[in-house]
Amino acid sequence: MHELSIANNLVSIALEHAEQSGDVRVKQINLRIGALSCVHRDALMFSFDLVTADTPLAGAKLHITDVPIVIYCPKCASLRDLPGVQIFRCPVCQTPSADIRQGRELDIESIEVVEQSPFMSPLVTSEKGTSL
Amino acid sequence: MIEPRILEVRTKILKKNDELAREMRTEFLEAGVLVVNLVSSPGTGKTTFLRETLRHFVNHGIGVAAVVGDLETDNDARRLAESGAPVRQIMTHGMCHLEADMVRSHIEDWDLNTLEYLFIENIGNLVCPTSWDLGESVRAALLSVTEGEDKPLKYPGLFNTSDVAIITKCDLADVCEFNRAEALNNIQSVRPGMKVIESSAKTGLGLTEWINYLKTMRAQLTPATPVTPGSPATALT
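Protein sequences, first through last, are from chains A and B. For the first sequence, the positions run 82 to 213 when the working numbering is used. For the second sequence, the positions run 352 to 588 when the working numbering is used.
Heads up, a few of these hints could be off.
Taking lysine-lysine pairs in the BS3-like style, the calculated list, with each CA pair at most 30 Å apart, reads [stated by the list, open to error]:
id, chain 1, residue 1, chain 2, residue 2
1, B, Lys566, B, Lys553
2, B, Lys553, B, Lys505
3, B, Lys505, B, Lys546
4, B, Lys366, B, Lys505
5, B, Lys367, B, Lys505
6, B, Lys546, B, Lys566
7, B, Lys366, A, Lys142
8, B, Lys363, A, Lys142
9, B, Lys367, A, Lys108
10, A, Lys108, B, Lys366
11, A, Lys142, B, Lys367
12, B, Lys505, B, Lys363
13, B, Lys553, A, Lys156
14, B, Lys363, A, Lys108
15, A, Lys142, A, Lys108
16, B, Lys546, A, Lys156
If you are wondering where the hints come from, they were derived from the structure by calculation, not from laboratory data.
Whenever a hint applies, use it, and build me the whole structure from the sequences.
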């Protein structure tokens, strides 16, 4: 369950960026996660909700973009998407390749924030509570 | 409806760990220490394999030390210390992997200049340690003949980021009806070109090959060309 550690790291980066942007509320965090990163999406989402409870990030959504594995095939001299994570061969010419160009990502792309308003209506406030 | 503002972040989630690991790797390289991170499932035989490795270096008067991670108990540190090498136990109390700061805090009073090799025995786990760089230059994935030939296919992330695969307990291969060809094939499937060492801590099989491999890797260390585990630059074919 290393997703809990990953979630903690994620939260501290997100908070740092949010704090630098003034009085904002984080609505969504956009991540890129590679097929080889060994991170389980549901476990990460679960951990994220756990570690953000009672923090300014509570209620923020995690949006995960899955990144497929891309290898460089030395024979074709081109980049090739792999359909899975178990066979590191060029899907076109079958040449084995350990030259991985994509698929190990564990990145925060961006954070979506909205300005906090002292005049925020109760309706908007309740929307915050249900944005999970 | 308030339109959200997008803050570009574009950073690695494990940036903090990665930065510390990079710093540590530089220190290790400058001191001429080859750092090896041993990863496997629980029960593969990391501790016995490492104890024999340490014993070899100690007997040859080569500076060597080890840190070992476990959730609880210092049993493994005591087993490793039988080799005569300095050993520290990292107890994680439930955490499933080691992180760079845990390693650093356990070795900070060691004089790296007295060492040629430092081994990190990770927590027995084939998933969680994968993402954490510990500043090592060699990541070794261990697999025992008692575990099944398809471990590399089940845990491609770890095998793919490792530099060398070590098959342990080969003295039990026949009893376990271990299909050697299939295991080798699976390793090459997830990590083409990966060096594989077949070993037995009981009979001494593979120890010389492993020691020679480590010596070769250490000879390749230069501060100008730091290596990252799993990068194509470290793949031995």
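inquiry  = Tell me the numbers of any earlier hints that the structure contravenes, in ascending order.
reply    = Going through the list in order, the structure violates hint 13 alone and respects the others.
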